[in-house]
Amino acid sequence: QKEVEQNSGPLSVPEGAIASLNCTYSDRGSQSFFWYRQYSGKSPELIMFIYSNGDKEDGRFTAQLNKASQYVSLLIRDSQPSDSATYLCAARRAGTASKLTFGTGTRLQVTL
Amino acid sequence: SAVISQKPSRDICQRGTSLTIQCQVDSQVTMMFWYRQQPGQSLTLIATANQGSEATYESGFVIDKFPISRPNLTFSTLTVSNMSPEDSSIYLCSVETFGTDTDTQYFGPGTRLTVL
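Read top to bottom, the protein sequences are chains A and B.
At position 52 of the first sequence (counting the first as 1) the number is 52 in this note's numbering, and the numbers step up by one without a gap.
At position 54 of the second sequence (counting the first as 1) the number is 166 in this note's numbering, and the numbers step up by one without a gap.
Since the hints were made in silico from the structure, they are not lab data.
Since we're looking at a predicted model, the values are computed, not measured.
Treat the hints with caution; some may be incorrect.
Stated by the list, open to error - To give an idea of the interface, some chain A residues facing chain B are shown, with a C-beta separation under 10 Å as derived from the structure: (1) Phe-34; (2) Tyr-36; (3) Gly-41; (4) Phe-61; (5) Tyr-71; (6) Ser-82; (7) Asp-83; (8) Thr-86; (9) Arg-92; (10) Arg-93; (11) Gly-105; (12) Gln-109.
As the list claims (entries may be wrong) - Straight-line C-alpha distance at most 25 Å; calculated BS3-like pairs for lysine-lysine: (13) A:Lys-2 - B:Lys-119; (14) A:Lys-99 - B:Lys-177; (15) A:Lys-99 - B:Lys-119; (16) A:Lys-99 - A:Lys-2; (17) A:Lys-99 - A:Lys-56; (18) B:Lys-177 - B:Lys-119; (19) A:Lys-2 - A:Lys-67; (20) A:Lys-67 - A:Lys-99; (21) A:Lys-99 - A:Lys-42.
As the list claims (entries may be wrong) - Here are the simulated distance ranges between beta carbons: (22) A:Glu-57 - B:Ser-165: 36 to 44 Å; (23) B:Pro-183 - A:Pro-14: 49 to 57 Å; (24) B:Leu-185 - A:Lys-99: 30 to 38 Å; (25) B:Glu-198 - A:Gln-31: 28 to 36 Å.
Virtual Cβ for every residue (Gly too), placed ideally from N, Cα, C.
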């Protein structure tokens with residue numbers, strides 16, 4: 001079992017819709033969770049992080065964390081074609097010198 | 113966030129040779145990391161570059177193959193030694209900055225390596 005799992009996609013959503021990206025993790029010691037966006041041929045770009053149960057909103061992005069279910073999600077409202085990218089979920093354990101464990105990423109396609 | 117640069121941005125190398133990749137940050141950072149991203153795959157941590165001491169390598173990565181230097185708080189190098197086509201990958205430097213909520217990692221632009 002992979003430590004951080006994501007559906008590889010592609011996830012296709014029409015422009016203006018809500019895109020929902022999901023991530024599960026197996027290590028209950030994971031404390032912080034990060035979402036990165038990676039455009040083709042580019043390096044990952046941090047979108048947001050979350051470490052408390054519940055929702056965290058930043059502009060069009062909302063991260064959701066449910067530690068009991070070991071589930072993290074990223075919602076993108078009013079999806080734009082420029083949101084088309086691969087979204088990487090990463091988890092970090094408490095006290096492990098900042099090591100991030102990445103999922104394989106979900107490719108999002110926003111269609112016109 | 114810190115501004116991170118890497119050199120070279122890409123290179124094509126012959127098998128058996130070595131390549132050194134440089135990572136420069138515009139501010140002092142405590143933690144620097146080196147990752148590898150093979151085609152179509154996610155990021156795998158190679159090692160943590162420790163300032164003034166030997167790097168800490170992840171399982172499956174060894175110093176002889178991937179020697180790392182970290183002479184100061186703004187600079188690190190990763191060498192890919194005795195390269196084979198299997199080393200063709202994107203190599204990414206990342207740095208960690210301390211925040212009020214949590215520490216976050218930011219990535220450099222990457223070095224795309226092709227080994228023939």
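Violated constraints from the hint list, given by number and in increasing order: 4, 5, 6, 7, 10, 12, 13 and 24
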